[in-house]
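Novice: Residues per chain are reported as follows:
Protein chains: 2
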Amino acid sequence: MNIVLLGSGNVATNLALALKAAGENIVQVFSPNLENAKAIAKNVGSKSINSFSEIDRTADLYIVSVKDDAIAGVAKNLKGVDGLIVHTSGTTDINILSSEVKHAGVFYPLQTFSKSRIVDFKTIPLCLEASDHHQLDILTRVAEKLSDKVYVVNGDKRKVLHLAAVFACNFANHLYALSHQILTKNDLNFDLIKPLITETADKVLFDYPENVQTGPAIRRDESTINKHLAMLSDLPELQEIYQTLSNSIKLVHK
Amino acid sequence: MNIVLLGSGNVATNLALALKAAGENIVQVFSPNLENAKAIAKNVGSKSINSFSEIDRTADLYIVSVKDDAIAGVAKNLKGVDGLIVHTSGTTDINILSSEVKHAGVFYPLQTFSKSRIVDFKTIPLCLEASDHHQLDILTRVAEKLSDKVYVVNGDKRKVLHLAAVFACNFANHLYALSHQILTKNDLNFDLIKPLITETADKVLFDYPENVQTGPAIRRDESTINKHLAMLSDLPELQEIYQTLSNSIKLVHK
Chain V
333 MNIVLLGSGN VATNLALALK AAGENIVQVF SPNLENAKAI AKNVGSKSIN SFSEIDRTAD
393 LYIVSVKDDA IAGVAKNLKG VDGLIVHTSG TTDINILSSE VKHAGVFYPL QTFSKSRIVD
453 FKTIPLCLEA SDHHQLDILT RVAEKLSDKV YVVNGDKRKV LHLAAVFACN FANHLYALSH
513 QILTKNDLNF DLIKPLITET ADKVLFDYPE NVQTGPAIRR DESTINKHLA MLSDLPELQE
573 IYQTLSNSIK LVHK
Chain R
333 MNIVLLGSGN VATNLALALK AAGENIVQVF SPNLENAKAI AKNVGSKSIN SFSEIDRTAD
393 LYIVSVKDDA IAGVAKNLKG VDGLIVHTSG TTDINILSSE VKHAGVFYPL QTFSKSRIVD
453 FKTIPLCLEA SDHHQLDILT RVAEKLSDKV YVVNGDKRKV LHLAAVFACN FANHLYALSH
513 QILTKNDLNF DLIKPLITET ADKVLFDYPE NVQTGPAIRR DESTINKHLA MLSDLPELQE
573 IYQTLSNSIK LVHK
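If you read the protein sequences in the order shown, they are chains V and R. At position 209 of the first sequence the residue is numbered 541 (our numbering), and the sequence of numbers has no breaks. At position 81 of the second sequence the residue is numbered 413 (our numbering), and the sequence of numbers has no breaks.
To be clear, the hints were calculated from the coordinates, so they are not data collected in a lab.
The list treats identical chains as one, so a pair stands whether inside a single copy or across any two.
Here are the simulated DSS-like cross-link-like pairs (lysine-lysine), alpha carbons at most 27 Å apart as the crow flies:
id, residue 1, residue 2
1, K454, K526
2, K526, K447
3, K526, K582
4, K489, K477
5, K447, K586
6, K586, K517
Between the sequences and the hints, there should be enough to build the whole structure, so can you do that?
Specialist: As structure tokens, then:
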């Protein structure tokens with residue numbers, strides 16, 4: 333299948349490598365920043381472009397993997413194209429494309445991506461949506477080459493998945509960052525806490541997180557909670573997070 | 333070495349099995365609730381007791397693994413004992429013991445424990461403290477049988493580790509629970525999000541968490557943030573957490 337990839341961020345970078353490894357033909361990588369497009373294109377034997385006028389309008393699949401507020405602008409430049417055009421956003425409606433182009437779809441990989449870390453797509457849930465059954469078949473065939481976990485998910489459910497992902501991933505990762513900040517400030521090595529981070533995540537593969545909750549808040553250990561709040565007296569933002577999350581733990585575990 | 337274990341919670345349960353596997357002799361397991369003591373004792377070939385008067389006062393090591401506010405009460409009942417008495421708390425001072433008993437120490441395993449999931453102690457950082465060098469030697473020898481990561485850590489540093497652990501583990505796990513709540517409320521399976529939880533935790537083994545932060549807040553994607561807040565309109569506690577953590581991400585990634 334001939335694919336045009338539009339975007340050069342974390343998702344586009346990982347997706348390009350996975351598509352290439354699955355034997356797909358990425359004919360072009362588009363980015364307003366040509367250097368970014370080149371960085372991906374050179375790894376997948378593709379052409380890099382930075383002008384909409386250069387886009388190959390005969391490809392089978394166009395993957396728009398850009399910031400949410402840039403999707404509509406890209407779609408306008410793909411008007412009249414016969415191929416299937418999909419975005420990779422968890423939170424943007426399919427209509428942003430289908431109001432502009434003939435065949436629209438969504439290809440949302442439920443994972444966190446960084447350019448510096450190439451992930452294995454095989455276990456990533458791929459959430460698909462398309463404007464008609466034929467296009468959904470096309471998209472499903474590509475998705476199944478990449479992952480063993482391909483799901484058809486409507487827009488409302490996809491948005492819920494994305495919201496849940498923000499809690500389980502973006503916010504959890506930020507808590508790791510705050511933990512790192514606390515340790516560094518006290519000349520303690522972040523490596524010390526890594527086995528704890530790993531075990532905490534591994535636990536939820538075997539039991540629901542609310543069943544394995546530990547710590548001062550669930551024990552109603554107010555003495556420890558107050559000691560911790562005092563230790564954070566010069567970091568009021570962390571104090572607020574500590575208070576908010578401790579209260580939430582108490583509320584869930586009444 | 334003859335050991336008396338006082339406590340029957342998550343830490344005591346995991347510690348008993350690790351000590352037994354390391355060839356140590358747990359002579360008694362004490363708990364005010366005899367059934368809880370029995371549940372541990374039967375797995376490590378030990379006697380279970382529920383009265384302080386029954387405690388063997390000739391053991392080499394007494395491990396007090398109870399709630400923080402119960403440590404002092406246990407220590408009072410160990411007055412006059414010659415063996416080393418340690419607690420396993422991340423947040424309680426060694427003085428709570430050393431003011432009561434001859435030889436005091438701290439044996440703090442930096443990990444999250446549940447009775448339902450037995451962890452491998454080999455990779456758990458064990459943070460030790462003792463009232464004198466001789467006792468520290470004794471404690472170190474036991475600890476090194478259990479784990480490859482044994483550290484001498486003073487009380488102030490230990491308390492910082494515990495605070496950092498609350499962020500990286502207790503709060504992160506609670507975010508998994510809130511994610512589970514959001515999914516369940518919308519008839520979506522928690523399994524869908526497990527690869528994301530695993531990858532988020534694995535990432536910090538290779539790069540600092542602030543370097544791999546993703547999501548709407550770091551992208552300043554206010555449109556998505558507002559959509560998410562609207563989706564949480566019937567869950568004001570989750571709205572507050574979303575707002576607080578998003579603001580903190582923006583503050584850290586200025």
